[in-house]
Amino acid sequence: MVNIIETKNLSKTYNGKIKAVDNLNITIQEGEIYGLLGPNGAGKTTTINMLTTRLSPTSGTATVAGLDVIKDSMKVRRILGVVPQDLTADEDLTGRENLELVAKFYDVPREKAKERIDSLLKMVEMTEASTRYVKGYSGGMRKRLELIIGLVNDPKILFLDEPTLGLDVQTRSLMWKYVRQIQQNLNVTIILTSHYLEEIDALAEHVSIVDHGKILITGTPEELKASLKGDVITVSFKEQHEAEAMKNISGVIEATDSGPNTVRIKVENADDSLPGIINFISENKLSTVRLTVTKPTLDEVFLEYTGRDIRSEEPTDARKAMMNMRRVRQ
Amino acid sequence: MSGLLPLTGRELKKWYRNPVFFITGLLQPFFWIALFGSAFDFTKFDPSATQFVLGGAPNYITYIVGGVLTTSALFTGMFAGTNIIFDRRLGPMGRFLSSPIRRSSIVFSKVISTTVRIMPQSVILVVAALLIPDGLKFQHGLSVPSVFVIIAAIILVSIIFSSIFSAIAIRMTNMNSIFGIVNMINLPLLFVSYAMFSPEMMAPWIANIAKYNPVSWSAEAMRMVIINGSPSASQWGQIGVWMGALAILAIGLVGLTGYLAEKEIRD
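Protein sequence lines, in the order shown, are assigned to chains A and B. Per my numbering, the very first residue in the first sequence carries number 1; after that it's consecutive. Per my numbering, the very first residue in the second sequence carries number 1001; after that it's consecutive.
Warning: the hint list may mix true and false statements.
[Claimed, not checked] Coverage of chain B stretches by chain A, computed from C-beta distances (three or more under 8 Å per stretch; other residues unrestricted): (1) 1013 to 1023; (2) 1153 to 1162.
[Claimed, not checked] Anything over 10 Å on all C-beta distances counts as not near chain B; from chain A, calculated: (3) Asn-23; (4) Thr-61; (5) Gly-66; (6) Asp-86; (7) Thr-88; (8) Ala-89; (9) Leu-93; (10) Gln-181; (11) Asp-211; (12) Ile-217; (13) Gly-276; (14) Pro-296; (15) Gly-307.
[Claimed, not checked] Label-pair restraints from in silico Cβ distances: (16) A:Asn-3 with B:Glu-1262: 55 to 65 Å; (17) B:Tyr-1259 with A:Thr-256: 49 to 59 Å; (18) A:Asn-185 with B:Leu-1005: 28 to 38 Å; (19) A:Tyr-14 with B:Leu-1035: 47 to 57 Å; (20) A:Ile-70 with B:Leu-1130: 44 to 54 Å; (21) A:Asn-15 with B:Leu-1256: 23 to 33 Å; (22) B:Leu-1005 with A:Thr-13: 34 to 44 Å; (23) B:Leu-1187 with A:Ile-18: 34 to 44 Å; (24) B:Ile-1206 with A:Thr-13: 36 to 46 Å; (25) A:Gly-307 with B:Leu-1005: 46 to 56 Å; (26) B:Met-1119 with A:Ile-70: 56 to 66 Å.
Worth flagging that the hints you see were computed from the coordinates, not collected in a lab. Note that beta-carbon positions come from the ideal geometry of N, C-alpha and C, so glycine has one too.
Kindly generate the complete structure, drawing on both the sequences and the hints.
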């Protein structure tokens, strides 16, 4: 496997003191889908902006397909496709005109551009809609258009930032299908960020969790889930002392508070541990209100490593996000 | 390739496809000349005013045509700035910035498209001025070099003002701020100039300041060729000074705007 992206001690410091990215070392293999996860302010966007040459690093190096992001920034831009979280298409142009405009930015010869645009439109099933103005598009159509605008220049690497933000479940699974097609048929390496962890789970081959500008862990989604060493059983009681008592049960890897009168118990395997827990509850006549078993998901992994729940996180840049949501939902 | 050509094409497409934008842009100068020009016809009180106030122009409309052409370039120039902010707020700016194009081409595409948009406006304005009663009169004809002076002056002022408004908009995200700035600077630019009024009509302090206003340079240069048809050698000397000053200012502002765009433009 060839590493298509490599960073060495990549760092970005804002205003001389805020370390947005701190000695980051990542390697991304050619042809894979790589997920980048982290809470807001973790340094994801800064990292992506440095890799896409929008920002220059304070120190460290990054190479993209063997090209240095500082020295060869224009060459790097030519082999990248970027699909930002915000909508970027011009509403007053048709879908096809938007694609043609971007093709011209990359000096794609006219004939080749037409061929490529036709096949991309066909892939996302938008050939019919391509002659209509973008302002008449639905949210899903806009996101599909954004996706293929990022592919007009035949990139080696595609950066996908929140590709399904604000979309309904059906449109989201359709987008997933396109993303897989892009990886397989067009042979593109994809770097994906998302707040929907099931999206990362479904698509990514490798995932890194980033916080405070550093990588906390990297692995396949399965490895990350396995690294939690076990399932989580959450039990709520009527009284706090009951929750305290529950913490002393045997065979528990870790027991912590999780809200009022609630205890979060980590066990190797919930299926084996539950009978013991139920026995403990009935022997001690504890008044259980609620009992939940969670097999590890990436949400759990995220909570474990960052201490935060990703579902309480808002996507970055409130102003743009609001505007996006409004436009996507039209 | 810098992206300048496709971006300028995009601006012009957006212009001619938007009928309201297109038609109001053409009607506005017509109102200026027909309404403003006719409302201020003070020569009827004293016919000799044409000599001592209007520098030999047969009527007020003939006197202000150069000024109105300049003013409509000024008003159209501000769209260059607002369009930059629209691109930023509506998203396309993000796409431009991640593409392998020069950042200055984003801004220069606004400057060029604004200049192109002013051309049909100017033609309509001149035709309208000729058609209205007691309107524009070329008493001494109009030589070919004089026509070139008019075209060059219009191009230079539209480059000057669209560069200024673009430079202001480079870091701006709020539409209200630019409208505020535009309204604030348009009024003094217009009234502290010889666009609509001659120095003889003004309080001396304003007349003195107005000398240094590029709006005055452009209006006066066009006025001189319109009134005289084929200017004399000494008049050409004066026209050369005004046009040279406009050209130097335009080059300087284009340089500054390009530099700011390359360095400072953000999403």
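Against the structure shown, which of the earlier numbered hints fail to hold, in ascending order? Failing hints, ascending: 2, 6, 7, 8, 9, 16, 20, 24 and 26.
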